[in-house]
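A.B. asks: Take a look at the letters that make up each chain.
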Amino acid sequence: MTAAAPDRPLAHAAGRSGRDRVMVTPEGVTLPLTLASRGARAAALLLDLFFIGLLMVATTVILISVAGGAVGASLNARGPLGQLLQFLFIVWIAAMFLLRNAYFLFFELGPRGATPGKRIAGIRIAARDGGRLSAEMVIARNLLRDIELFLPIVFLAQAGANDGGGGDMGVAGIAAVAWFLIFALFPLFNADRLRAGDLIAGSWVVEAPRRRLEAAMSLAAPAALPAAAGAYRFGEAELSVYGEYELQMLERVLRGNRPEAMQAVYETICGKIGWTSGSGDARPFLEAYYRALRQRLETGMRMGRRKADKHA
Amino acid sequence: MAARPDIAALEAAALRSDRFRLEREGDWKRLEAIVTRMEKGQLRKLSDEDVLALPVLYRTVASSLSIARETSLDAATLAYLEALVQRAWFIVYGPRASLGSWLRRFLGGGWSAAVRAMWLDVLLALAVMVAGTAVGWLLVAGDAEWYHALIPGQFADARAPGASPQVLHDTLFSDQTQEPLAAFAAYLFGNNAQVSILAFALGFAFGVPSLMLLVHNTAVLGAMLWLYHGAGLTLDFAAWIAIHGTTELFAILLSGAAGLHIGRSMAFPGERSILDAAGEAGRRASQVMAGVILMLIVAALLEGFGRQLINHTPGRLGVGGFMLFFWISYFFLFRRRADEGGTP
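Chains A and B supply the protein sequences, listed in that same order. Per our numbering, residue 175 is the first one in the first sequence, and the count goes up by one each step. Per our numbering, residue 7 is the first one in the second sequence, and the count goes up by one each step.
No lab work stands behind these hints, which were simulated from the structure alone. For clarity, every value in this text was computed on a predicted model and none was experimentally measured. For every residue, glycine included, the Cβ atom is placed at its ideal position computed from N, Cα and C.
Just so you have them, the derived chain B footprint on chain A, three or more residues with Cβ under 8 Å:
#1 284 to 291
#2 307 to 314
#3 374 to 384
#4 462 to 475
A short list of chain A residues far from chain B (calculated; beta carbon distances all over 10 Å):
#5 Ala217
#6 Leu220
#7 Phe225
#8 Leu228
#9 Gly242
#10 Tyr406
#11 Ala411
#12 Glu412
#13 Gly430
#14 Ala435
#15 Thr442
Derived list of chain A stretches under chain B, where covered just means 3 residues or more per stretch with a C-beta under 8 Å from a C-beta of chain B:
#16 204 to 210
#17 266 to 274
Chain A on its own, in the form it takes in the complex (with noise of 0.2 Å):
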């Protein structure tokens, strides 16, 4: 397993969970991954699964439709009628096998690397280490769908046709159940919430990311408001109080531009470097302060000297 904890803790403040992975890049590049949760796997194959059946239901009732009025005649009838039928029951077969095996390879074999319902999903699928998914590893993760899902379920539900047949159904519907749930809940046992064709093929499911770039805080202030952001001066013992951490709250409460927040962390700051908080002037103040104190660390990490918060 790779360290949870990536050498910069302040890039993401928030919400870090045991879900966090890093992914070095063949170009050496370290990211970081975020492990689709196990919720998020589980909407996603029902959602898929939902659309093989819709599949399945409309590939035979179109079929049935063009069957039309032949239905009545059996399959070993010759002629025209039975061969139509024949072929038409070919096209069903070769429609399930391939709905059942092709669906989830055809879709992750795409620059998407996701099924629809992965994609509604917001997740998809990467290799472990960091280089090519290849299309061995999606066929490989696929077939063993087979045994995970496909074929418990297909045992259960002969298991109760048979009840019929004696006593035996019990042993048969209890050994389909337990095959079924080690591999449904094979992903809760180690750390990378693999299942079990995620393992075979060297690949997991991720988080796909999507993030829109954002203006940057330190230049839209002086372009909005140049006089009154030049009105401040900071001094070293008034930036020196503060740390990356406090920068980064700070960024967030002026992203979120929320009036009330702006004017209690104005005051805090007022308080903490010994200024007296006006009112009315928190968002030019504070974006003054975001500024130089930015400048000051930034300067700082060229020299070599980080301050991750105000303890540091």
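Assemble chain B onto chain A, guided by the hints.
C.D. replies: Here is chain B on its own, set in the frame of chain A:
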């Protein structure tokens, strides 16, 4: 390449990290646009220039990220860069091969190379299948009651111990063209494909269930062989099986070997971690399995059409023997380098 940053904005930016951002923002935005298009599957709408620029831009932005981590405290920019590099990484290192080029590489050497790489497992699985056949034969020879325990209901019609040689002969040579051959073949394929996927996937439990499945399936074969041997129809039965069996049993052999390969590499991972070993074996085995599905399509066609239409022993033996020869030479004699051609 990149849009020139606004000079006035550059001068106004007091912070070095903001100047850094302004200078490179154009590249980031361009990469984001390309990646977004590709994620939406709109490959056609991308210009060749953009497609060629993608790997370069990816590396540029990755290096921007490395620098920003050392020089910038703008959390929003860092988070954006991390997400962007990750998205681009998914594309740049995503499944590259289209289905067509993958298939070409697969048939042109990748498949046979994967089979050769697990030769030991193939031999083990072969030994297990031979042993399974012998066990089936010996069990039934010792006590005919075993026959009913071994043979699944669908075959147990006329082919029971005590049936007359004439009845047994009819089961091999009766005119079965009444049956809808194509549909029968499709049904057989579906059935066999699921069995071999099972044999492969069970390798996950250290290969033991794969072997048990092989033993069970071949024990049926052994029991039936004993039955027909008793009626003096050994060769006819062998021909009846061989026409599709050389392909089908070979496919089942390979899927069992693939399962065993996974199980063996998990049990004895050597110096690798167990996950690495399982992953490597799993990728190789899944290649073999993709081929097994193809073999089963061939087998189903031979069983559905060939066996019913070729109604005499020499013809059936000829077809079966030819198929066996074909597969063995394809897997073990056809040694073109797997990475030749095909690679984009």
